[in-house]
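Participant: Residue numbers (UniProt numbering), protein chains in the order written: chain A, 1 to 418; chain B, 1 to 267.
It cannot be assumed that every hint is accurate.
What the hints assert, rightly or not - Taking lysine-lysine pairs in the DSS-like style, the calculated list, with each CA pair at most 27 Å apart, reads:
| # | chain 1 | residue 1 | chain 2 | residue 2 |
| --- | --- | --- | --- | --- |
| 1 | A | Lys245 | A | Lys203 |
| 2 | B | Lys83 | B | Lys119 |
| 3 | A | Lys355 | B | Lys48 |
| 4 | B | Lys96 | A | Lys365 |
| 5 | B | Lys68 | A | Lys366 |
| 6 | A | Lys355 | B | Lys82 |
| 7 | A | Lys365 | B | Lys119 |
Unchecked claim - Simulated DEER-style distance windows between Cβ atoms:
| # | chain 1 | residue 1 | chain 2 | residue 2 | range |
| --- | --- | --- | --- | --- | --- |
| 8 | A | Phe398 | B | Gln253 | 24 to 32 Å |
| 9 | A | Thr330 | B | Gln253 | 17 to 25 Å |
| 10 | A | Lys190 | B | Leu228 | 40 to 48 Å |
Just so you know, the hints here were simulated from the structure itself, not pulled from any lab data. Just so we're clear, the structure is a prediction, and the values are computed from it rather than from any experiment. In this text, a Cβ means the ideal position worked out from N, Cα and C, and glycines have one as well.
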Amino acid sequence: MSERLREKLNILADAAKYDVSCSSSGSDRKNTNKGVGNGHHSGICHTYTEDGRCVSLLKILLTNHCIFDCAYCVSRRSNDIERAAFTVDEVVELTMNFYRRNYIEGLFLSSGIFKNADFTMERLLRVVKKLRLEENYNGYIHLKTIPGASDELITEAGLYADRMSINLEMPTETGLKLLAPEKSHQDVIKPLGFVKNQIIQFKEEKKLIKSVPKFVPAGQSTQMVIGATPETDKEIMYTAANFYKSFSLKRVYYSGYIPISNDSRMPILGTQPPLLRENRLYQTDWLMRFYGFDVRELLNDANPHLDTDIDPKLSWALRNMQHFPVDINTADYQMILRVPGIGVGSAQKIVQARKFGKLYIHQLKKIGIAYNRAKHFITCADSPYQLKDFQSHEIKGFILAESQSKYLKTPSNQILLF
Amino acid sequence: MPNLFQHQLYKQSIQSMIYIFDGSLEGLLTAVFEWFERKPGLTKIVSKERYQPNVFSQSFEILTERTKADRVWQGLTKRLDKKWMRQVYCSYLSEKPELHQDIFDFCIYIFQHPAGAEKNYGNAQVLSLAQTARKVEREKHRMEAFIRFQKTADGLFYCGIDPDFNVIPLLVNHFRNRYADQQWIIYDIKRHYGIFYNLETVEEIEMDIDINLLKKSNQHLLDEQEVLYADLWKNYFKSTNIVARKNTKLHTQHVPKRYWKYLTEKL
Ligand code: SF4
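Work out the full structure: start from the sequences and follow the hints.
Facilitator: What follows is the structure, encoded as structure tokens:
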């Protein structure tokens with residue numbers, strides 16, 4: 001029996017791994033009933049895979065049987081692979097035993113669609129209800145919304161899950177139609193909108209009546225596959241920005257396509273996944289969410305693709321030298337945040353510290369900014385006097401030369417933030 | 001603001017007074033109290049353990065007193081918010097000798113300046129405490145992530161650790177809140193003490209049993225399902241990996257090798 005369980009786990013974890021989200025953040029669920037588990041506001045990565053991704057949740061499919069045939073998915077019905085299905089009890093046992101040993105923050109449960117959407121959603125719901133109601137489990141639960149499931153089932157699931165997600169899969173409708181003719185973005189938009197409105201409604205009611213339960217407290221997320229279809233970076237990020245805005249999403253994930261078949265519509269088997277591109281998209285996403293950039297500043301008709309040799313923040317600065325140099329001792333926070341080499345933490349420290357007196361280079365270094373990069377874009381109390389204004393391409397040259405090891409020598413799948 | 005550079009030079013050349021304390025946080029806070037009683041000027045502070053007599057300076061032994069320490073702590077609480085009080089505490093838990101001096105100087109600096117002085121990241125002590133506290137918090141966070149309990153035959157969940165900093169006091173809340181319905185022990189093998197949750201409260205314990213008893217060779221001490229679940233977890237860890245994305249450098253950056261010994265999936 002344990003042998004079969006091991007096999008199922010291997011198959012259903014393997015099939016689930018292409019969903020890159022493993023976040024366990026955003027839940028403040030408390031362990032009120034003296035049961036087991038609680039949310040951790042910023043989430044915890046309990047380990048990292050050998051490809052460097054965070055492992056926070058037990059991420060599995062309930063089953064990889066599926067009635068659909070999406071070309072980009074290993075579980076598609078025409079694919080000749082081994083199929084398996086967990087029982088409700090098996091998922092509950094695995095989750096509880098992993099959680100009690102502190103292996104995981106919780107469960108990420110998804111599924112292929114068997115029979116029909118409601119039948120599948122109902123099974124998923126049984127798992128989460130059993131965890132919450134019978135096991136007194138208050139750990140994290142990320143549940144997939146099955147497209148086409150009834151509003152009643154989705155609403156009930158939202159009462160037990162911390163986060164729900166549903167994937168856009170392809171960044172544009174055209175891309176999706178090409179690879180999964182049976183699907184459309186509309187199938188995703190409808191439930192995303194429904195859950196978003198439910199979240200708002202429950203929050204409103206909770207303001208009036210304290211006993212109103214939590215509804216998807218960690219919000220919703222979605223994922224796009226990158227590089228399976230020929231979208232530009234601009235198209236990808238405009239879709240992301242639009243979904244962040246329209247559905248108050250917590251996260252959009254970008255998953256570099258890993259070739260899984262010989263389908264001629266997609267990159268052939270053995271093609272390297274576009275990891276550098278994926279990284280640049282995540283950097284752009286961060287700039288939009290935490291650095292006050294509008295997506296149109298970073299990508300537009302003149303620049304439909306992100307640079308590969310430098311990060312998008314530096315690209316923006318070099319294209320907009322009229323805003324620099326920024327005076328560290330007087331500029332407003334938003335502008336300091338835009339300086340290449342200065343992150344959110346350092347920018348906050350700078351605006352605090354300068355109230356006590358003008359800041360000098362040695363202090364900026366101690367605060368932790370990447371001075372060699374930032375120096376081209378700032379002045380502070382003891383900045384050396386510069387005779388000549390350098391051109392963008394010259395500055396780019398200096399920075400690339402200095403950080404050569406970082407940008408050119410490392411393999412393309414190295415992940416760097418700013 | 002005083003010129004920091006000159007201040008440092010001055011400090012090194014005429015180091016006239018040395019305070020010797022017992023190494024405890026209370027001792028350190030008592031020293032701050034005594035300093036304000038006497039105002040001896042620039043003062044070096046060292047723990048008894050590390051003190052080496054020096055002909056050029058005068059020394060003064062601090063006798064730890066709870067009430068004096070409490071007054072200093074209360075005084076700090078009035079000036080600093082919760083986050084900063086925790087940073088002071090975390091800096092102490094780093095167990096780094098140079099932080100004794102920084103905490104001592106920081107306290108004096110805070111008491112001698114108007115409210116808000118802790119926001120001056122241009123000040124060396126402010127920055128040192130903030131940065132050290134961050135490292136300690138990171139170690140705490142790593143323990144929350146990398147602790148792997150083993151279930152013993154009598155139903156207790158056990159894990160031994162040897163963190164870089166003394167983070168056990170910071171772990172109590174997290175584990176008590178999370179694992180409220182199971183008995184557990186987290187034991188610092190290096191510092192020879194641990195915490196035990198008995199389903200009601202968390203108590204500090206010292207064990208004289210050999211920690212190695214719970215290692216692999218003694219599986220009869222473990223719950224009969226322990227091996228099964230450890231094994232399933234290892235399987236899961238393998239299955240969730242995407243070979244085409246392999247990036248060992250990034251992997252070890254997130255999970256430095258010194259922590260691998262904790263990790264069931266790495267054994
Ligand atoms: S519906 Fe989901 S599981 Fe089924 S083939 Fe499409 S992507 Fe894969």
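Participant: Work down the list of hints and note, for each, if the structure agrees.
Facilitator: Hint by hint, here is what the structure shows:
At most 27 Å may separate the alpha-carbon atoms for a hinted pair to count; Lys245 of chain A and Lys203 of chain A meet this at roughly 19 Å. Between Lys83 of chain B and Lys119 of chain B the CA atoms are separated by roughly 12 Å; this keeps the pair inside 27 Å, and the hint holds. Distance check on the hinted pair: Lys355 of chain A and Lys48 of chain B sit about 39 Å apart at the alpha-carbon level, beyond 27 Å; violated. Distance restraint check for Lys96 of chain B and Lys365 of chain A: the Cα-Cα separation of roughly 23 Å lies within the 27 Å cut-off, and the hinted pair is therefore satisfied.
Proposed proximity of Lys68 of chain B and Lys366 of chain A is contradicted: the alpha carbons are some 34 Å apart, above 27 Å. For the suggested pair Lys355 of chain A and Lys82 of chain B, the alpha carbons sit about 22 Å apart, so the restraint of at most 27 Å is met. Distance restraint check for Lys365 of chain A and Lys119 of chain B: the Cα-Cα separation of roughly 17 Å lies within the 27 Å cut-off, and the hinted pair is therefore satisfied. Between Phe398 of chain A and Gln253 of chain B the beta carbons are some 27 Å apart, a value that agrees with the proposed interval 24 to 32 Å.
Remark: the range hint 17 to 25 Å for Thr330 of chain A to Gln253 of chain B is contradicted by a beta-carbon distance near 37 Å. In this structure the hint that Lys190 of chain A and Leu228 of chain B lie 40 to 48 Å apart at CB holds, the actual value being about 42 Å.
Hints 3, 5, 9 from the earlier list are contradicted by this structure; the remaining hints agree with it.
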